[in-house]
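Undergrad: Chain A is already provided as a structure; the job is to place chain B on it using the hints.
Listed in order, the protein sequences are those of chains A and B.
At position 257 of the first sequence the residue is numbered 256 (numbering that gives the first Met the number 0), and the sequence of numbers has no breaks.
At position 192 of the second sequence the residue is numbered 191 (numbering that gives the first Met the number 0), and the sequence of numbers has no breaks.
Honestly, the hints are just simulated from the structure, not real lab data.
All C-beta atoms, glycine included, are put in the ideal place defined by N, C-alpha and C.
Worth double-checking, as some hints may not be accurate.
Interface residues of chain A toward chain B, partial, derived using beta-carbon atoms under 10 Å [claimed, not checked]: (1) 14; (2) 15; (3) 17; (4) 97; (5) 101; (6) 106; (7) 126; (8) 244; (9) 288; (10) 298.
Derived coverage of chain A by chain B (criterion: at least 3 residues anywhere in the stretch with Cβ under 8 Å from a Cβ of chain B; other residues may be distant) [said to hold, decoys possible]: (11) 113–124; (12) 247–256.
Single-letter residue listing:
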Amino acid sequence: MKLWHRYSGLILPILVVAALAIWPTITGKAANRESAFTILKAVALASSLNILLGYTGYVSFGHIVFYGFGGYVGLYLLTEQEWSLWNAMLAGGLASGILAFLLGTAILRLRGAYFALATIGINEAMKAFINNFDLFGGPTGITLNFSVYKLYGGAAQALQTSFYIAAGLAFLAILLSHFVRTSKFGLGLLAIRENEDAAEVMGVFAPNAKTWAYVFSAIIPGMIGVLFFFKNGNVEPHDAFPLHASIELLVMVMLGGQGTVLGPILGAFAYQGMRGYLVTSDFFKDIQLSVSGALLLMIVLFIPAGAIGWLRHRVPTLRRVLA
Amino acid sequence: MQQINLLLTSLPDGILLGFVYGLAAMGLTLIWGVMNVINLAHGPIIALGMFGTFFMFSRTGLNPYVSLIPIAIFGLLIGILIYTVAVHRVINAPHLSSLLATFSVNMIIIGLGTAILTTSPYNVDFTAGSFKLGSITLLGTRLIAALVAMLFTGGLYLFLYRTRPGKFIRAVANNRAAAELMGIPSTRILALSFALGTMLAAVSGALIATFFPFSILAGGSYELKSFVIGVLGGLGNPIGALFGGLILGMLEGIIPAFLESSWVPVIEFGLFVVILLVRPSGLFGAKQ
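So that you can see chain A by itself, here it is in the shape it has in the complex (with noise of 0.2 Å):
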């Protein structure tokens, strides 16, 4: 019963991810698989966002930024230093995550809109940098060379295999984000979200807390770079820093409701779902970006605690579940 109420949370979401890894398989259309592809990845980056977002309270509004370093840095080792896939995006994350923890005890003093302001400013240094950076391909990037498949059994295998590892690591996503939610450190950071100066007076240390947060939430958003630009075969600075992509992030999270461990993966869900649908419909195509405008208008205006936050409010019997 004790293990029931503990991870009860986590079965919707990872029967969410599940569905979502063997649907192109049963179907077996490739296009399935590449829409597939994208949602995963949106997932695992919206519930990365959330730890720092919906659990901590502090609006990062460059969070892309870890996506982009991270999947320079991998394919920098795949290209130049020969490095295997994997190696490559351990050190993608790990080149996050120090990113992070350097950038994180300098910027997470700020508070409110002065920290999505710096973020916002190191999104953008950083694309600046890199465009400028020549180890990096300054602004024509990295291609990978095509014999690269080889070794993960020809491009179409390699196509298959960054799927299942795009489901592994929106499934890791998604198991972090629910321990840090139920753990004592995530008691912490939920502190810190509703008062940090009282947190503090009850002995939570906040800038420690702070910087774990923003080095947590940034460690999948760099596998996931790699992977994705590894599959992609390039990286140019302009695909690697997209500031809109980072405010999408947002909008997934507060779609879905932030704080929850269910929320941001519905919200990746539905965001990506309802984008695909805008894009390819003869009415819509040409305003999507107005729809979508003028859908997250009215979410925030009126259901500000998103779908999961409503639900949850509106239905107490469902919380255990919907966690």
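TA: Frame of chain A, contents of chain B only:
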């Protein structure tokens, strides 16, 4: 020697541009100062100002400096609209709400703009001669733009410090509850402040359109510059924004003489983060 020549040509240009950047940032920082909202729809409104100049100039041949008046009025009206629809409900909510609400306005404008105007570049084919000062040549359009920016700054200053609505704005920025108790209609004053901010954005866009090509997405980079300037001058300090703009303009004039111009954004955003860390109240002090 060559560097000094280069500096002599690019520095005055940078300074003149700096005034216009400062004007755009003033709009952003005014809104922040009064209601603690960072307006992420700032860039698209700058872009709308640019297109205002373009359409009035190319369709009716109206002088771009005359068309500033209808553009300013349009900026005021769209500001009131955005405030009422998107901002008013989230003004006391956590920062994430107001950031996302204004960002959704950004998405709506950009989405419609892209559908109607595409993202291809436009250009206002307008010149106002050039002036020679010794070995330095100043483009007329930039000189007039800098003068207009100064005029608007002076106007804003007079408005805030010498008129009743201006005093109301400062009172609401200082303490909304107390201002309300003194009989100031704070909701209307907040809407007016937001509208003034978007008006400054639209006007600066209209000025930029007279010397740079632009697209519907062009406002984004000026929005980012406005963040940098706002933080340099102290968020919430409109006059500081003008000085911040000048600093940024000078940097853009000086750096290309010594480094490749692609390093400009690295230094700008690096400086931005450093200022946020060591002096979040800006070089000239924020409000309070």
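Undergrad: Going by Cβ atoms only, is residue 14/A closer than 10 Å to chain B?
TA: At about 29 Å, which exceeds the 10 Å cut-off, the nearest Cβ of chain B leaves the hint on residue 14/A violated.
Undergrad: Tell me if the interface restraint on residue 244/A is satisfied: Cβ within less than 10 Å of some Cβ in chain B.
TA: Given a least distance of 13 Å, the restraint on residue 244/A is violated.
Undergrad: Taking the closest Cβ pair, is residue 288/A under 10 Å from chain B?
TA: Holds. Min distance 3 Å.
Undergrad: Does residue 97/A pass the interface check with chain B, least Cβ-Cβ distance below 10 Å?
TA: Not OK, violated: residue 97/A not within 10 Å of chain B, min 18 Å.
Undergrad: Hint check: is the beta carbon of residue 106/A less than 10 Å from a beta carbon of chain B?
TA: Interface hint status for residue 106/A: holds (7 Å vs cutoff 10 Å).
Undergrad: Residue 126/A was flagged as interface toward chain B. Is the shortest Cβ-Cβ separation under 10 Å?
TA: At 8 Å from the nearest chain B Cβ, residue 126/A passes the 10 Å test, so the hint holds.
Undergrad: Report holds or violated for the interface hint on residue 17/A, using the least CB-CB distance to chain B and a cut-off of 10 Å.
TA: violated, 31 Å
Undergrad: Apply the coverage criterion to the region 247–256 of chain A and chain B: a residue qualifies when its Cβ sits closer than 8 Å to a Cβ of the chain, and three qualifying residues are needed.
TA: With 3 residues in contact (Cβ-Cβ under 8 Å with chain B), the coverage given for the region 247–256 of chain A holds.
Undergrad: Go check the region 113–124 of chain A versus chain B for me, would you? Three or more residues, Cβ under 8 Å, otherwise it fails.
TA: This one holds; 9 residues, not fewer than the three required, reach chain B with a Cβ under 8 Å.
Undergrad: Once the shortest beta carbon distance from residue 15/A to chain B is found, is it less than 10 Å?
TA: violated, 24 Å
Undergrad: Is the interface hint for residue 298/A satisfied, with its Cβ closer than 10 Å to some Cβ of chain B?
TA: holds, 8 Å
Undergrad: Using 10 Å as the Cβ threshold, decide whether residue 101/A counts as touching chain B.
TA: Violated - the Cβ of residue 101/A stays beyond 10 Å from chain B, reaching only about 12 Å at its closest.
Hints 1, 2, 3, 4, 5, 8 from the earlier list are contradicted by this structure; the remaining hints agree with it.
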